[in-house]
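Okay, here's what each chain looks like letter by letter:
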Amino acid sequence: MKKADKQSKHRESPEVFLPLTPAVFHILLALADRERHGYHIMQEVEERTEGKVRLGPGTLYGSIKRMLAAGWIEETEERPDPDLDDERRRYYRLSDFGFRIASAEAERLERLVKSARVKKLLSRHS
Amino acid sequence: MTSSRENGQPPLTNSPLAVQVYSLLLRGYPSAFRAEYGRQMEQLFRTCYRTEKERGDRLRLVSFWLRTLLDFVSTVPREHLENLGKENSTMKNSGRDAVALLGCIGIIVAAFLLLSYGRKHEASSILMFGHALDALVVSGVIGNLIVFLLVKTTRFNAVRVALERTPPELSADIVERGIVLTGGGALLKNLDKRLSIETGLPVSLAEDPLASVVLGTGKMLSDFDLLKRVKWDNSLTTGT
Chain A
1 MKKADKQSKH
11 RESPEVFLPL
21 TPAVFHILLA
31 LADRERHGYH
41 IMQEVEERTE
51 GKVRLGPGTL
61 YGSIKRMLAA
71 GWIEETEERP
81 DPDLDDERRR
91 YYRLSDFGFR
101 IASAEAERLE
111 RLVKSARVKK
121 LLSRHS
Chain B
1 MTSSRENGQP
11 PLTNSPLAVQ
21 VYSLLLRGYP
31 SAFRAEYGRQ
41 MEQLFRTCYR
51 TEKERGDRLR
61 LVSFWLRTLL
71 DFVSTVPREH
81 LENLGKENST
91 MKNSGRDAVA
101 LLGCIGIIVA
111 AFLLLSYGRK
121 HEASSILMFG
131 HALDALVVSG
141 VIGNLIVFLL
151 VKTTRFNAVR
161 VALERTPPEL
171 SADIVERGIV
181 LTGGGALLKN
191 LDKRLSIETG
201 LPVSLAEDPL
211 ASVVLGTGKM
221 LSDFDLLKRV
231 KWDNSLTTGT
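Residue numbers (my numbering), protein chains in the order written: chain A, 1 to 126; chain B, 1 to 240.
It is worth saying that the hints were derived from the structure and are not from the lab.
Bear in mind that the values here come from a model prediction, so they are computed numbers and not experimental data.
Where is the CB? At the ideal position from N, CA and C, for every residue including glycine.
Among the hints, erroneous ones may be present.
[Stated by the list, open to error] Simulated crosslink set (DMTMM-like; lysine to aspartate or glutamate; CA at most 20 Å straight-line):
{"id": "1", "chain 1": "A", "residue 1": "Lys65", "chain 2": "B", "residue 2": "Glu82"}
{"id": "2", "chain 1": "B", "residue 1": "Lys53", "chain 2": "A", "residue 2": "Glu46"}
{"id": "3", "chain 1": "A", "residue 1": "Lys52", "chain 2": "B", "residue 2": "Asp57"}
{"id": "4", "chain 1": "A", "residue 1": "Lys52", "chain 2": "B", "residue 2": "Glu52"}
{"id": "5", "chain 1": "B", "residue 1": "Lys193", "chain 2": "B", "residue 2": "Asp208"}
{"id": "6", "chain 1": "B", "residue 1": "Lys53", "chain 2": "A", "residue 2": "Glu47"}
[As the list claims (entries may be wrong)] Below, a sample of chain B positions facing chain A; criterion: calculated Cβ distance under 8 Å:
{"id": "7", "residue": "Tyr37"}
{"id": "8", "residue": "Phe45"}
{"id": "9", "residue": "Thr47"}
Turn these sequences into a full structure, and let the hints steer you where they fit.
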């Protein structure tokens, strides 16, 4: 019953799950261009935000666990560079639904920024 | 020690103190979560710690620790709550945990009610009883924590000590392929899962644990050449 619910939600709109928590959105963003393993995700987020957002191991893997369960991301079987790292690392990639959720969240944020611009909160761009 | 490092394996015994502390902290997470992600989290912490340390600043390390602790404190309750909600957790401890938690809350509430009732009516016997209940809860919680930690660390240590004593080539092999449980003790329910969680190694059961030692001995005895070779190997290693 519950599972069927989830399934139908999947086919419906990703808007149900918005807004996302910052950690979840950052992880989705990190996985948007390529698959990565845990440490890679953390590094990417830290670099992209210039050190402002730093995911701890608990936050990172807690979010990964929930996103895997919800089917937003999936674990990949093959490794991008098998020579370089050891085989215990697990790689994750965005699922189609995860991609839709991430872009829905991005659109939501864009609308917010637009309104902020109209209200002259972003003085540089007005 | 050195050879295990050359093999590219993470050194089992002499990982830095910080990593050991973190792997102790990891025990705060529910066992199912730890079984799934514990090793990765430890590895992540190890890598982060190394990079922070290489940058050298003591202040950096402190802020790194603070961040990690904050992360730990903020994520543990959530994992436990989600674990409670799950019916089919692998270790099936969640039901017991819930009962214990409810019992604790019940006793605390009872003590609180008694205390406030006693204050209102200035009945010292009830006040005393309330205080006694309070003390009971506190000592119970602390005692349980101590026993829990003791049991966990000692059992954990037994396997670790055994691993430490094995020669590096062999322990590297164990780290790679895992531990196989044999004998009647292996039939204890969920022992494999438990050991796997505690050691961070893959643990599997032998096909027929009760007979595996006998069968293995038989197999070895029937292959005389192999027996000779093993004996020769043995004298080589113990003779040095």
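>> Does glutamate 52(B) sit within 20 Å of lysine 52(A), going by the straight-line distance between their CA atoms?
In response: holds, 16 Å
> Per the CB criterion, is phenylalanine 45(B) less than 8 Å away from chain A?
Replying inline: At 6 Å from the nearest chain A Cβ, phenylalanine 45(B) passes the 8 Å test, so the hint holds.
>> Hint validation: tyrosine 37(B) versus chain A, beta carbon distance must be below 8 Å. Holds or violated?
In response: holds, 4 Å
> Going straight from one Cα to the other, do lysine 52(A) and aspartate 57(B) come out at no more than 20 Å?
Replying inline: holds, 19 Å
> Are the Cα positions of lysine 65(A) and glutamate 82(B) separated by 20 Å at most?
Replying inline: Status holds; Cα separation ~11 Å.
> At a threshold of 8 Å, is the proposed contact between threonine 47(B) and chain A supported by beta-carbon distances?
Replying inline: Holds, about 5 Å.
>> For lysine 53(B) and glutamate 46(A), compute the direct alpha-carbon distance and say whether it is at most 20 Å.
In response: holds, 17 Å
>> So if I understand the rule, the pair passes when the alpha-carbon distance is 20 Å or less; does lysine 193(B) with aspartate 208(B) pass?
In response: holds, 18 Å
> Does lysine 53(B) pair with glutamate 47(A) here, judged by a C-alpha cut-off of 20 Å?
Replying inline: holds, 18 Å
Consistency with the previously given hints is maintained throughout, with no hint failing.
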